[in-house]
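Number of protein chains: 2
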Amino acid sequence: MSKKLTKRSEDYSKWYNELVIKADLAENSAVRGMMVIKPYGYAIWEKMQAELDRMFKETGHQNAYFPLFIPKSFFSKEASHVEGFAKECAVVTHYRLKNDETGKGIVVDESAKLEEELIVRPTSETIIWDTYKNWVQSYRDLPLLINQWANVVRWEMRTRLFLRTAEFLWQEGHTAHATYEEALEEAEKMHEVYTRFAEDFMAIPIIKGVKTENERFAGALETFTIEALMQDGKALQAGTSHFLGQNFAKAFDVKFATKEGGLDYVWATSWGVTTRLIGALIMTHSDDAGLVLPPNLAPFQVVIVPIYKNEEQLNQITAKVNELSKELRAVGISVKYDDRTTHKPGWKFAEYELKGVPVRLAMGPRDLENKSIEVARRDTLKKEIISLENLTSFVKNLLKEIQENLFARAKSFRDSHVTEVDTFEEFKEVLEVKGGFISAHWDGTTETEKKIKELTKATLRCIPLNSKEEVGTCVYSGKVSNRRVLFAKAY
Amino acid sequence: MSKKLTKRSEDYSKWYNELVIKADLAENSAVRGMMVIKPYGYAIWEKMQAELDRMFKETGHQNAYFPLFIPKSFFSKEASHVEGFAKECAVVTHYRLKNDETGKGIVVDESAKLEEELIVRPTSETIIWDTYKNWVQSYRDLPLLINQWANVVRWEMRTRLFLRTAEFLWQEGHTAHATYEEALEEAEKMHEVYTRFAEDFMAIPIIKGVKTENERFAGALETFTIEALMQDGKALQAGTSHFLGQNFAKAFDVKFATKEGGLDYVWATSWGVTTRLIGALIMTHSDDAGLVLPPNLAPFQVVIVPIYKNEEQLNQITAKVNELSKELRAVGISVKYDDRTTHKPGWKFAEYELKGVPVRLAMGPRDLENKSIEVARRDTLKKEIISLENLTSFVKNLLKEIQENLFARAKSFRDSHVTEVDTFEEFKEVLEVKGGFISAHWDGTTETEKKIKELTKATLRCIPLNSKEEVGTCVYSGKVSNRRVLFAKAY
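Protein sequences appear in the order of chains V and C.
Sequential numbering from 52 applies to the first sequence in my numbering.
Sequential numbering from 52 applies to the second sequence in my numbering.
Derived from the structure by calculation, the hints contain no laboratory data.
The reader is advised that the hints may include incorrect statements.
When chains are identical, the list treats them as one kind, so a pair holds in a single copy or across two.
Claimed, not checked - DSSO-like cross-link-like pairs, simulated, lysine-lysine; straight-line CA separation at most 30 Å: (1) 377 x 98; (2) 108 x 451; (3) 164 x 149; (4) 138 x 164.
Input sequences plus hints: build the corresponding full structure.
So, in structure tokens, the structure goes:
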């Protein structure tokens, strides 16, 4: 397979699809809309999981596991929830196959029909709150701070690898609290955890905000979101944290004896991020040569390629590389040495460029003699020869620099793509010509929000938390507004 | 809820069920046969996962993720495989719910019927081999050494928490090789990895063996098993590694260009362990006071309980405990300090005994004065007062000693419950009165194996790898036999 990618400027969407396949991240499976996450893609997810899991535990959360299936009737208990999810559910109706008596092969055994259909979880609020009912009696049982790593299924009609798939992997936090304030604080805390993860590990600058009523999670009173901007000027919702009020507690009758001796419904939050983050990672940093991975999430941060003419040279280089690798690993740097004799150095260079390995080291006989090594950084594609003497500290600093550079580059792009507009003409023009976030006044109604979406395909991404009060008029209706909100076309 | 458990000698099965619930490991959910794994139980699974994952990676494996659903037709492709799994499959037939027009609430939308039904994976050989077909062209693409951490569904009729549940968590390794020898070696290697994990981490002595044709995995040429013995004398299959020959490669047409220029089918293995291991862990070590956890898998190895009469005392003890905890953590020991003022020390002692924490430390004002601390070990329930001076090294050694003691205790029990018998009368008597493994001659036929099971409920657990040649006559048929095999009643 050719490693050559379509250029982003030619067809961004095609570039993305090709890159996911060629960099060995994921592929479509035999099941419509479901992907196979290949080892290299999964290794990125494992890195993400490890960091997030650490952050969740540091903030007092524990992991647990709840059933894959949810009784159909549970979905009816929270009215807005069912509206949000019923349309895209995989439904289990039978529990047995059999050999067809007329020789047609394997068929569903009609005698094994379930009394009540089971839904493959699209999210777990309902089954979890049905469980919490038995766990919470008193304020002493609160808070419950629980997270689940799981797969979920949503029957999406149009799917794209990582970005929108019928099955995806995620984590879903579900917490229960004694007070309104504590639950709200928890939702905000996890919003902040997601922000730190996106910025410090994914090197993706994000905008923190809240969703409008129209874009809120089905069943939430407030949805906190982190919004990222992709290179093609489209926004991507990278994580959400929901303040659920007492909606699920009421739907599943979860009451607790308060400290004061009363009885009250429990306050709830839920929050999640998914394998879609891998799509965001790709689309934020990568270039026409392939993937560009931030060192903090790269499956391996450094690859070393030997350049040799004969076995003796290879052996000499390998001996030196083993020594260097040991030193690099000792300071926590992950290293891969590719000494395969089946592929040429040029092929390997292209391969690791495509796979976004942050730093590539190449060593030939001349380097061995000069006690030097060639260092290539993936973010800028720049190369230089450095002395072996300072290699470890050089690489350590370089990885830090690459991580920071990727963030700075993405932030500069993002900042230059937030455009204030004051008329609807301008709105449409910026959206079509420049893209990115459009900062505009909005009258606060769902009606206007929907109308703008209908006319432009832009959605109201969020009301930024840091937006300042400012008197203005709605870009569409002309009605009064007291702050700007962000619109964009979005993934 | 009372912490008092039914005694094992009274009703082992009841003891187990109560212990799983009371120690907060798991509980039944609203979905028949599916469990909720509670945080404490899940923390044990996380410990197991971490060690196994490390061992898999050290032996060259990578993780990946394959779809939850498998097209029904895939199951027909490998004949014995479908026989093994068709009877217990959850079947997805529809992909949408809707509001019933006659007001009956949410119903399945009949217009959203799938053309081909999807099966919730009971195991992933079929979907994975359908994928490998595209990954393997040449011997250069081999071996593929891939593992998946996932949930699977098997519609079991009789379920028990951890031991047999309709959904369980597991890992499934699926490897592809160029030669018979290499694949067989891989299956044996993973058999050894499971053995080391069971013995070194779970402290469960196991017997390594192979399954008879009758008990083999559906589609395997050889199934390697590790068999453990529970305290009630019943065996438990703790992990299996399968040599699949070319069966799946043929079923899914996975051929490769050999080094020699030919074309051949790929050789395969698969291997897995599940959350059932938690059941094995419980039933091997625990006692009438509750869970007993080996230090190498305990969510926390040490709990510290303060004993105080007033806040001033608590503050003094806490200051000292924080110092000690820091020292313990510095040498890699996990510590929990339970300074809750809502529960009395006696309550906490019972709680951590029930939860099997390996070492409990208790500190009161007298201890503080004497620079001493009370140390209680969970395995023997013995207590002693030791000087604070040597605490860290004392606890470190004690944890090692507990780990070894649990293994030695279980091994001594197991060894005394392998009984050689030479007549069928003896066979039945030992099975009923003593239990455990019965070492007996067998004529090698499935017919005899099935007959013995029918008459005694004992299954042929394995042909031990270390069994020596020995001339004898089959305990049931009287026919000639050249080695003993192991029978037992089993979970």
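Inset, instruction - Check each numbered hint against the structure and report the violated ones by number, ascending. - result: none
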